[in-house]
Amino acid sequence: GEKPASKPAAKLPETVTIAAISYTYQGKPTFNGLSQVVINQGWLEGELKKKGVALNWLPVPTSVGGPLINEGFAAKRIDFAGYGDFPALIAKSGGVDIRAITSSGQGNNAYLIVRKGLEAKSIEDLKGKSLAIHRGRPWELTLAKLLDSKGLKLTDFKIYNLNPQAAYSALAAGKVDAVFTLSEAILQEDKGAGTIIWSTKSNPEWKMRTGLFARTEFTTQNPELTQTVVNAYIKAAHWASQPENRAAFLELASRGNNPTSVLERDYANEGGDWKDHFSPIIDQGFVSHFDDVSKYTFENKLVQKEVASRDFIDPTFVNKGIDELGLTGFWKETPVTGPVQ
Amino acid sequence: MKPDLKLILSVSSPLLLLIVWQAVTAFKLFPPEVLVSPTAVVAAFGEVIATGELQRHLSESLTRLAGGFTTGASLGLLFGLALALSKTVEQVFGPTFQALRQIPVLAFIPMLILLLGIDEVFKIVIIAKAAFFPVALAAYDSVKGVPKSYFEVSSLYRAPWWVLISKILIPATIPNILAGVRLSLTRSWLVLVAAELIVADSGLGQMMEMGRQMFRLDIVMVGVIVAGVIGFGLDRLFQLLQAHALRWKTA
Amino acid sequence: MTLKTLNLNAFKPVWLLGLIPPVLFLLWWDHEAAKGGANALAFVSLAQVGQALIDMFSSGELALSYGSSLGRALSGLLIGGGIGTLVGIAMGLSKPVEWAASPIYNSFRQVPILGWLPLIGLWFGSGDLSKLIIVALSAFYPTVLYTFEGLKQVEARLLDVGRVYRLNGWQTFWRIQWPAALPSIFTGLFQALAFTWISTIGVELLFSSGAGLGAMMQQAQLQARLDIVLVCILFVGLTGFAINFLIKRLSQHVLSWRSVRA
Amino acid sequence: MDYVPHSQIPGHKVKQTGAVSLKGIKKQFNFKDRELKVLSEFSLDVQPGEFVSIVGPSGCGKSTLLRLIAGLDDTYDGTITLDGQRVAGTSLERGLVFQDHRLFPWMTLEDNIALALTNRQISKDAKAKLVADHIALVGLKGFEKAFPHQLSGGMAQRAAIARSLVNEPKVLLLDEPFGALDALTRVHLQGELQRIWLAQGSTMIMITHDVEEALYLGDRVVVMQANPGRITHTVDVNLPHPRDRASPVLHRLKDEILAELTNVPEAPNSVVRLIKGDDQ
Amino acid sequence: MDYVPHSQIPGHKVKQTGAVSLKGIKKQFNFKDRELKVLSEFSLDVQPGEFVSIVGPSGCGKSTLLRLIAGLDDTYDGTITLDGQRVAGTSLERGLVFQDHRLFPWMTLEDNIALALTNRQISKDAKAKLVADHIALVGLKGFEKAFPHQLSGGMAQRAAIARSLVNEPKVLLLDEPFGALDALTRVHLQGELQRIWLAQGSTMIMITHDVEEALYLGDRVVVMQANPGRITHTVDVNLPHPRDRASPVLHRLKDEILAELTNVPEAPNSVVRLIKGDDQ
Ligand SMILES: Nc1ncnc2c1ncn2[C@@H]1O[C@H](COP(=O)(O)OP(=O)(O)OP(=O)(O)O)[C@@H](O)[C@H]1O
Ligand SMILES: Nc1ncnc2c1ncn2[C@@H]1O[C@H](COP(=O)(O)OP(=O)(O)OP(=O)(O)O)[C@@H](O)[C@H]1O
Ligand SMILES: O=[N+]([O-])[O-]
Ligand SMILES: [Mg+2]
Ligand SMILES: [Mg+2]
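Residue numbers (our numbering), protein chains in the order written: chain L, 1 to 341; chain U, 1001 to 1251; chain F, 2001 to 2262; chain S, 3001 to 3280; chain A, 4001 to 4280.
Each hint should be verified, as a subset may be incorrect.
[What the hints assert, rightly or not] Only part of the chain U face toward chain S is listed, based on derived beta-carbon distances under 10 angstroms: (1) 1163; (2) 1172; (3) 1247.
Simulated from the structure, these hints should not be mistaken for laboratory data. Just so it is clear, the structure is predicted and the values come from calculations on it, not from any experiment. Quick reminder that beta carbons are idealized off the backbone N, C-alpha and C, glycines included.
Using the sequences plus the hints, can you model the full thing?
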């Protein structure tokens, strides 16, 4: 896209701040996904140190991650953040100039779990029943797509706006008939609270996508630093993609909400290779996903301005990084090159 | 003379705040994405009123608040008095009361959902819990501080407990109890909004939370101001009550 | 403790009465837990809670989270309570300050904390400082209110005595107004204590994650680990109880001049 | 002097009840680290319908004694009975005028007095009438709606007297009821108190520092001394009521009592040296 | 009777200052909807070092008057001067013993008295000595650490007297200072007050209901009447100090004052009918 031609900063910033969804593990924050791998590898910190730049990680809890990161971007307190499609788009639409600079793989699965004892096999069976979802969270889009495909509308259900914690309690207590949520649904199923009747495994294209987002001002002023950060994430993705690192990665991930067994099942039966989960490549699928999100949020008046992908997605860093690191062709996706359409 | 200064000061201080706010945003000292200007808030205000959203959210919240707050505060008053007046009640319930009043009601939500479901009763119970404790504590603590001589006069005339409470203890402790009621209103608001975040489709809290999720800080500010103004109004009401109850001091 | 120092009278078993409600509650709890089914999810068995307590304790996780929440609550109480007392004093002693400050104070007080989050996040980041500010704010409100009320209720007949002996402003405050307001100020402190705990837990959910009972509880809920939630509740309650007890002792000592019912 | 039964005093109706008996009362306060013996082996028998005056030095335990009889304090040794029944807690049968007025600052004069009638099973109108009558009795007409802080010291004291009279207790305990009153009001209220006492046949125990008053009203005057509080002297006043204040008998008895009261081993010395004062 | 200058009374040192003058004082309270005229055209000149006693019926405005002189209330018409200077606000030169003791409940007896010395520029030791001396003066040795609620009524009143004496004001205003004291303590403290007055040459204005006391101590006794409060009579007592309480002059003056005090158009009637009482 066209960006204002601003000169690179003469001086490097003192710190680079990366925010990411995190969990508390043994009293300390553990980051979600690749961020923790980046930390563990220590490469980024070392590279930045050589340039006299400190690396600062900002852990944000999942429940308020979106708003916190958006506010941090707006206040220029953070430079990069790994988070979801929906909140990032909201920020962009609200005038916070950020853009997606890598993908974080195929995205997250969403699940539909129904309470014990309810004879429902599909979403259609839930018509007129109560369905809990946390409004405004990224997986609402997935639900919208599912409903759309079946010719259903939110108004066909008795919708309860519940946060996940409350939703699981209500499900267990039989106070709602179904919950639409993320992979914790597997855990709930294991605990006997209900049965999963649908997931994005049947429609991988509806998965919620996450990626690394950056403040545009920062990337234009510090392209080299940005490249370093992106390269670190690519290296982390490469590490995680190695089948021999699978167990180690799952162990890291299990420090979040879900035990390894659940993660295994979340990752299972998806076809393709293990490494597909981690591809940083921004491909056309990624771009069209954001087009969809943009359209949906605008049509549903969740945002006031429609965001054009070309202003919002910048594949140049990741493309250059893959090149620099000699990883061209390692992941199967076809990178978008040139301006995003 | 004096009342004039009072009026001037109490009107000018909020006004000054408003002017500073407008100035800060006009000079773009902070990014407009986060510190929205008063004019933007007024615009958002117009928007949510025009769509009827504000009215809907507000009436939902106020209904919940009215139910939960009045139940919680009045039960709190009774319980606090009982705790202060009866040794037995104090011995049996005192420790539990002191421990329980420190625990955020939000921590009990899973259990409450199990017991009460997720409909209005549940929300009202949560607010009632939040309203209960400040009033109970204020009543307990200030009745404990009532001079012995008042109890002696009352006991001399063998005033029944309701006379003791209504004619002696409440007047003697009204400033502190009302302060407790005012705090309990604050806390009810807080918990109401929190509860609406967790389990609701409507209400001021939901409006603010959605505003935040959707990065509409102008709408969040509308919520802030509406909550502040309503809280202030209710608070004024209590102050008037207090002035009425204390007229024996100045009459 | 030797037999000599063990004063048997001090061990009158009346305090055992205080155990009745918690014990009854636990019995009911275990009964519910034993029902199984949906109940088993919300009412974990006490054995499980005990096990969680042991696990969390031995992993050091509990101490870390607990210590960080306790530190936050106490420093918030100290800072918010301290500033609140000062502001309450200023409002209680000076009419113009009261007139100027009370509309702002009384409306800000009513704004749900959530409303401030974006602004506080913007100005102070989303780290420990912001958390501390919110916690301190929650202690600030009650202390202002009760300090102010306490000072306003000081009897004119006692102030007259100070005038007769020509006490200056400071002397009047320190010798008359402050002691007269102390009972009310202590009530404010008791209120503030609860508010700090509640906001400590709350704010750990709302800002950057890290050590803390609130964060731990939040995550445990998502993981459907009710046993961990209960251990956290237990610690919040017991700590509140203990701090309350200490402040009570202090107040009884400081307010020993009152002739109140035993 | 022999005791003249009240029934022989003209105009005095005596009830068969209202006998107060104190036996071996011991009372102490924990005062800092030491124990303060306030009453020691205190015994006194008051006949039904008798009027007993108590005089004694400041701090000798008079108020403490009345509090015990009123049932406001039960941490003492010994027994106190009313008509043979052990006194436990307060009762409407035993009224008390406190030394300090103890009006409730948030109640009007009227409401303060009406409080005493809370438990009286009579109509609202009758209550209002009683209250109004007693306000008039103590000369406070026109101040019905006044709050205590709007009353003078003597007016507040009178209000407290009205409050204690309004529900006609069988035994009335009065702690310096007329201390803050001017001579005229005092004489008037002494007369009223006597009139009520004669008409109701109630038992009265009154603390006063005015020996004349003690003699004018009392069937008996009890003289106390301090450290520990005890009875050192009892004077029977065998004169019919109402009495002639100028009676030589009363004068003689007054001298006797004053002699007893001033017969103290050591009075505090003048120890204050005056350090300022420009004319020293 | 001619006025005998104080300087001619043996033992009486008179300061050149301490003249209190009240001219045309009018004071009213807003009482409910009506105005209550409490003082009307009240004028009084007090010489330096004079002892003026004020007697008058309850509620006639005596306490109000002292509050005005003390400078606690400046909402009145007329002028009050001390040594020709208009009185504005309170001053350590004008001390006041309140009718109720007004000790601070949170201070020990000692601290309550020391409060009066807060602004006296003397050493800590000297302060402690003064406080201890005055506690002894009023006979409260041993109660230094007592809180007010641990004192008897008379003890609290004595503590209040000690507090007012301890900083030796030029003008001391006393509102029924001995009202709650027994005869012996009262005589003792009257003597002490007189001794201090004589030694310091201060001006004293004392309200009392005890006419004998007014005459025993006062150079002049001012008699007030109520509605509105005004001076109806002034009696000069031209006897040297200390006086003989049995002096026939004092007895004659007492009768004169009592006659004046009881000379009121209407005394409250006995209006209380006794509705209960089993023997009616
Ligand atoms: N704050 C007030 N508001 C209204 N009226 C008042 C107030 N203070 C005093 N009064 C009235 O003023 C009158 C005089 O009161 P004051 O206390 O001066 O009487 P006093 O002469 O000292 O009587 P006493 O001997 O009973 O103490 C009384 O009628 C009283 O009701
Ligand atoms: N609550 C208390 N704690 C400690 N000591 C007390 C308490 N109440 C009274 N006393 C002490 O008991 C003694 C008797 O007090 P009491 O009030 O009975 O005296 P009194 O005879 O009524 O004196 P007065 O004539 O001065 O009213 C005093 O020495 C007093 O200090
Ligand atoms: O209990 N509260 O969380 O207010
Ligand atoms: Mg007494
Ligand atoms: Mg008076």
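* To do: Hints the structure violates: just list their numbers, smallest first.
  => none
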